[in-house]
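Student: The primary structure of each chain is shown beneath.
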Amino acid sequence: MSAPMLEIRDLHANAGDQPILKGLDLVLERGEVAAVMGPNGSGKSTLANVVAGKPGYEVTKGQVLYEGRDLLALSPEQRAREGVFLAFQYPVEIPGVGNMYFLKQAVNAIRAHRGLEELDAMEFLSIAREKMKLVEMPEELAKRGVNEGFSGGEKKRNEILQMALLEPKLCVLDETDSGLDIDALRVIAGGVNALRGPERSMLLITHYQRLLEYIVPDRVHVLAGGRIVKSGDKQLAHELEEKGYGWVQQVAGVGAR
Amino acid sequence: MANETLEQLARADYEWGFTTDVEQDIIEPGLSEDVIRLISAKKGEPAWLLDWRLAAYRRWLPMEEPHHWAKVSYPPIDYQAIRYYAAPKRKKQLESLDELDPEIRRTYEKLGIPLDEQKMLAGVAVDAVFDSVSVATTFKKELEKHGIIFLPFSEAVHRAPELVKKYLGSVVPQGDNFFAALNSAVFTDGSFVYIPPGVRCPMELSTYFRINASETGQFERTLIIADQGAYVSYLEGCTAPQRDENQLHAAVVELIALDDAQIKYSTVQNWYPGDAEGRGGIYNFVTKRGKCAGRRSKISWTQVETGSAITWKYPSCILLGDDSVGEFYSVALTAKRQQADTGTKMIHIGKRTKSTIISKGISAAHGQNSYRGLVRIQKGADGARNYSQCDSLLIGDKCGAHTFPYLEVQNPTAKVEHEATTSKIGEDQLFYCQQRGLSEEDAVNLIVNGFCKRVLKELPMEFAVEAQKLLGVSLEGAVG
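So the protein sequences, as listed, match chains A and B. In terms of the numbering used here, the first sequence opens at residue 63 and continues consecutively. In terms of the numbering used here, the second sequence opens at residue 189 and continues consecutively.
No wet-lab data here; the hints were simulated from the structure. Mixed in with the good hints there might be a few duds.
Below, simulated SDA-like cross-link-like pairs (lysine to any residue); rule was C-alpha separation at most 25 angstroms, straight line [as the list claims (entries may be wrong)]: (1) B/Lys657 to A/Gly207; (2) B/Lys230 to B/Val387; (3) B/Lys657 to A/Ala174; (4) B/Lys612 to A/Ala174.
Keep in mind it's a predicted model, so treat the numbers as computed, not measured.
Bound-form chain B, shown alone:
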């Protein structure tokens, strides 16, 4: 029985695997200073940003890819075979969403992201990034009323240059790591958010990333600043077409929360995972980090990772301000031959800083799932607290779950708790559900959703529903 259902899993289709036929402005594969100059020129960037990119590139050149410590394996990536810029061709600057290429619009509709403002789910403003550039940002006017800046990154460079200049690279420096350095050199677009002091953003902000062109890397850059007392909830979703070759996604996200500010960042990552034999799929090497710069500030990461052939990401919090709070809620699912090495870093610097880590890893088929997390309590962090809980669920007997917790406590008044469990979906649980009339598949979904509930309830409602469905699709037939 188990074999049959595993085969079903292998056949489970990736629904988002279609491609869109649009006229592309695309550059030749390869990376050099000239390519960086070309990208910068295409975006009409100021000189300081070009210099910043070139500095990043020079730091990247001698760096080594970090495949020695992460528990992922993949053939070497040829960085000269990747295209660093692809954009849907547009004749002129868009005046309104009505002018958006109808093909792109249809793509987003297929993905369930209607860009028509009238049809929008009330309360979600969307920035849609198609390959390298942002194609539409909705609800601009409504947000402007509150003084909120929500722009494609490339526009923000022109319209909020002081803010971009001040904060870009302030949380993830250019030379932070191999992929962050690469991103800093070649990033093409992304989202920029600024919430002014005391403003509670009246709607969820959302970016939808879509890789469409082949042989293209996607390198987006997101920068979110919540000024004193501000609040914002930000959602990120991603899909890509089904292709036999691997594609690289190396994003950087930086969050800054000033005094009493709160940022809630939620991701549902559903990049193409590759097929059952491990052909194709996205390499997802992402650096996400938030800085709780102000007192009593709070940054909360919630991620549901179901896609990508390889996921390598550690959304982290630097708890600098006294009494600041960092949270990390994660569900990572690996099926087929997916590999995930994901977790977080909580760096406690300020006094009475608090962090919570809830990680749920699910492995099925040949999936390999690692939790890697660092909790560091620095000398001055009197009264710091951390609670970590890492649970792994195994489905079948060919998958793996691994936990690598690192705890560094340099302050005797700190309190750090770590709990970890590994369990197998019990035959008794499955049989119990089946005895009540549920199919094996529904039973697995039910048990998995129960396992993830603590994390899923942190997501905004529409997102939680989408995440539940995704977990179901990703596990189709994955019963052992």
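Chain A with its partners taken away, still in its complex shape:
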């Protein structure tokens, strides 16, 4: 029997010198889409950043296993090449670096790691065009610098486009719904749903239930005070929406923040 895609055991982590995660346990099976919901400050983004290996976060205790292997031992780029993808809450701009060029470099870095031949510019372009349709990304955005002058919605589309191109096994979507209007949300959810598959797992990190109407998760975990305090199926998201986070925090005995 193969190991889960992601298994987190008793994870304690600091952001800077502030303890944020305090004994987090979570299992994400192969092909599973799970939502991690929680109030502001509960540790959602810290979880995403620790999984991706962002500098500035320190794991003080616990384990993160990716397909049974120690994920924390890998550098950020090794994690990416092994199939861990983070869709950023705030994608950065890289002025002067063409978006398509950047994507091609990324795709080829990952292909090289997988022992595949590099794509040349023409091959890449035809694949990229195909994937751009998935997120209804206008051609014009491909020609600009990476996220340079993109609107919030355009940046998020660009993230999902990268996810489509890099074909990761584990996708962590950090507040992908934040700052999106309903039309953009629908397009992006459509893109994400098209990428669901039996070999790909997703962790949807979100504050609101709204996203989960469009991307229906297999499981929902509630994060509060740095731990998963309640897990359930998609009904849990609705319950949360009705009763608010105060309810789970009360149930779990975690003080509201």
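Using the hints provided, position chain B relative to the given structure of chain A.
Tutor: For chain B alone, kept in the frame of chain A given last:
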């Protein structure tokens, strides 16, 4: 992590550090009137040029080295310890390139400058200067057809004496500054270009400078004249062997553009930068200046400075003709213990003259990078315009970036804009790239190339590719 990668940077090799074993015609170190006479005699120069050199020497003698205002520091240079002439020995005048010393030819091949005309990249004529003398000029015949003169400077003195006499020192006078005066006294070779009226030079002209001999200074002199309505694009590249002692390079470049003429001058400077502790490396003290003498003329400088222990240069434009245009696009990178004090001067004299300055400074490791620029709008320059943008990028926390803009506006109708930014390569940017599978080094290269793009796109294509690679090599491991 940062420390490890900085150490990698320290070990990054200078690929062009080899020396070439050729028989040398070399003179003893030291500088005096006799040495100048000897250089002039070796070149068989006319009396007027010897007099010109001696006059320069006499002006140089009482001058002081300008180390008080530039933000560079180095131990005093002993001008008596430098050899002022070194040349590969040749038995007789070369009839064709086939007779070139095979060792020198191999050197240029190693540098990626094939001198064989057949193998040449289509459209680039090369003049190669090895230590003090020009060893080969390709595509001579093709250029002659258009009436274009492209010669080693020492040949031009004999074959185009009127032009040389008329324009030599007309933009950078003998006594202009300490290093220009020294160059005027002892310059050994360089390139001369004349584009006749209405001619658009059909290929890029290029000079490749190589310092080979030890303890030798290189003092080349370049003079480019674009006559009315002419156009020329000129490229300059430089490398030197890796040595523990410092070597002096003090060049002078003069450009003259007459009515409606355009000169585009591009440099990729990759002299040996010294090692991580600051041992060795070239002292690059260069005076480059163009005069837009004619109406609607245009001079455009593009430089990518990645080498040298010290870079001190300010490619400038004197905008004399009405409606003339000056441009300066610069990327200066300092890593290891390199110091650069570079920028430009735009002197607006004519009416409606326009200038653009785009400067990108990158500092890594212990590098110190200064932009120094003057924009002067003189009284008569009605409607003059200047736009300056100076951006600095810091990599790591031991380097420095400095900006010294000087604006002198004496005409109320002028419009001068200056923008400056300083940024650090963001950890967020690096992490974003790494999260997409790029290594830290590739991520830095990508971000730096993006930062420089506005300048790199001004370079001719092959040069832009070379410049990008150079930036990558120079930054190997330089992540903070």
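Student: Now look at each hint and say whether the structure bears it out.
Tutor: The hints, checked one at a time:
The suggested pairing of B/Lys657 with A/Gly207 holds, with an alpha-carbon distance near 20 angstroms, which does not exceed 25 angstroms. A C-alpha spacing of about 34 angstroms is found between B/Lys230 and B/Val387, which places the hinted pair above 25 angstroms, so the restraint is violated. Annotation: proposed proximity of B/Lys657 to A/Ala174 holds, straight-line Cα distance about 21 angstroms (limit 25 angstroms). Only pairs whose Cα atoms come within 25 angstroms are accepted, and B/Lys612 paired with A/Ala174 is rejected, the gap being roughly 30 angstroms.
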